[in-house]
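S.K.: One-letter residues, chain by chain:
Number of protein chains: 2
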Amino acid sequence: MINEKAFRQLSYGLSIVTSRLMVDGQEAFNGQVANAIFQVSSKPPVIAASINKDNLTHKYINDSRLFNITVLTENIDMEKIGLFGYKSGHEVNKFENRNDPMGENGIPLVGEGDDVSALFECRVISSIDVHTHTVFMGEVTRAAHFDQAPMTYAHFHKVKGMKSPKNAPTYIDDSEPVIEKGESEGYVCDVCGFEYNASGNSNIAWNDLPHDWICPVCGAERDAFSLQ
Amino acid sequence: MINEKAFRQLSYGLSIVTSRLMVDGQEAFNGQVANAIFQVSSKPPVIAASINKDNLTHKYINDSRLFNITVLTENIDMEKIGLFGYKSGHEVNKFENRNDPMGENGIPLVGEGDDVSALFECRVISSIDVHTHTVFMGEVTRAAHFDQAPMTYAHFHKVKGMKSPKNAPTYIDDSEPVIEKGESEGYVCDVCGFEYNASGNSNIAWNDLPHDWICPVCGAERDAFSLQ
Numbered sequence: 001m002i003n004e005k006a007f008r009q010l011s012y013g014l015s016i017v018t019s020r021l022m023v024d025g026q027e028a029f030n031g032q033v034a035n036a037i038f039q040v041s042s043k044p045p046v047i048a049a050s051i052n053k054d055n056l057t058h059k060y061i062n063d064s065r066l067f068n069i070t071v072l073t074e075n076i077d078m079e080k081i082g083l084f085g086y087k088s089g090h091e092v093n094k095f096e097n098r099n100d101p102m103g104e105n106g107i108p109l110v111g112e113g114d115d116v117s118a119l120f121e122c123r124v125i126s127s128i129d130v131h132t133h134t135v136f137m138g139e140v141t142r143a144a145h146f147d148q149a150p151m152t153y154a155h156f157h158k159v160k161g162m163k164s165p166k167n168a169p170t171y172i173d174d175s176e177p178v179i180e181k182g183e184s185e186g187y188v189c190d191v192c193g194f195e196y197n198a199s200g201n202s203n204i205a206w207n208d209l210p211h212d213w214i215c216p217v218c219g220a221e222r223d224a225f226s227l228q
Numbered sequence: 001m002i003n004e005k006a007f008r009q010l011s012y013g014l015s016i017v018t019s020r021l022m023v024d025g026q027e028a029f030n031g032q033v034a035n036a037i038f039q040v041s042s043k044p045p046v047i048a049a050s051i052n053k054d055n056l057t058h059k060y061i062n063d064s065r066l067f068n069i070t071v072l073t074e075n076i077d078m079e080k081i082g083l084f085g086y087k088s089g090h091e092v093n094k095f096e097n098r099n100d101p102m103g104e105n106g107i108p109l110v111g112e113g114d115d116v117s118a119l120f121e122c123r124v125i126s127s128i129d130v131h132t133h134t135v136f137m138g139e140v141t142r143a144a145h146f147d148q149a150p151m152t153y154a155h156f157h158k159v160k161g162m163k164s165p166k167n168a169p170t171y172i173d174d175s176e177p178v179i180e181k182g183e184s185e186g187y188v189c190d191v192c193g194f195e196y197n198a199s200g201n202s203n204i205a206w207n208d209l210p211h212d213w214i215c216p217v218c219g220a221e222r223d224a225f226s227l228q
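First to last, the protein sequences are chains A and B.
So in the numbering used here, the last one in the first sequence is 228, and the numbering has no gaps at all.
So in the numbering used here, the last one in the second sequence is 228, and the numbering has no gaps at all.
Since the hints were made in silico from the structure, they are not lab data.
Incorrect hints may have been included.
In this list, chains with the same sequence are indistinguishable; a pair is considered to hold if it fits within one copy or across any two.
Unchecked claim - The list that follows gives simulated cross-link-like pairs (lysine-lysine, DSS-like), each with its CA atoms no further than 25 Å apart:
| id | residue 1 | residue 2 |
| --- | --- | --- |
| 1 | K43 | K53 |
| 2 | K43 | K5 |
| 3 | K87 | K53 |
| 4 | K43 | K80 |
Make a model of the complete structure from these sequences and hints.
M.R.: The structure is reproduced here in structure tokens:
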């Protein structure tokens, strides 16, 4: 018997993985939130990252054979999570209007402030196909450390109240929702799990929000919210 | 530039990975502490585990093509960590004198009490060679969930004050020790990092310990301890 809840007991951090595609001599960048990342060897340093084949970042890594990792802290701006975790690069250009630092390998990183715990620049040395995902092995060509504790995936779920994005390896489609419900009644975004609670998020009651109000995390419209 | 401290910002849990070897028709079992474990795909469920080629468990997994994972909680008995994390199966039979539950696949698991957060039984479907380590992809044939939070690797280092075992992917050989030193003076085991402190661990002063006293975690002799 397979109890799917068991998979939630594996511990992860939370990172943004970025990469590049060349189209007609022009560079395009994309990035996505990822949790399935671990160090494989230390001499030379190699990190493994599991990426869903349907994600645009997968295509970009296959093209450039390069990827960078930005390890996030608990100070992460939820808008950044919304953009990189719940929007698809197939639909939006995530790096438009952003001013992110560029890695030495020509792949951007996502921020360098108090929401970053470490940065890695990696060059793909091999990969392995596993059903819906590819696990890329990246030899680390640059690693930077910031003296700020990383956010754990458990924190992301419990404190921030977020669901796994649909293409995450840890996604469970969801007779049993992953989201941890609070004590108080509120509206929850069916797309990303963000909980709107008049006492918690703002002093504005749900019915008083403007009609064009959108989810601050994933940008879903009001119709995407359900009373929890 | 590669700052090795950056690798410590990757988040992990802590598990014991077990496997089997057949020798002249007899079963032998071994297991080791592992942190580099993540879920790769959910349909079918596949977990990746990175194992050092020098470890006996690596040989056993290559032979049986099976491995099991016991995900540990903070209630872990430090003797279990000592046995599975700091002793080599090349030197001791780790399952001698133990009474661990047997998995449905014929590979033992390590405990089912309040020190276990989840159990997985896995069948190797593929693997990839990465320098010192092999990353095994295991399709999950059984998964059990226990309603107890997993221990994070950060907790293991900070609260339990432990070093990475020498063959861990996260091992750093160590002009800058990984061990977090406490406020009070004490003796620290050079092998596993266990801190002996008369006020913390017992009421017996270091000099009053019997001469045959050994490290309660890894079994090292008193000579292996240094004043911190």
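S.K.: Flag every earlier hint the structure violates by its number, smallest first.
M.R.: 4
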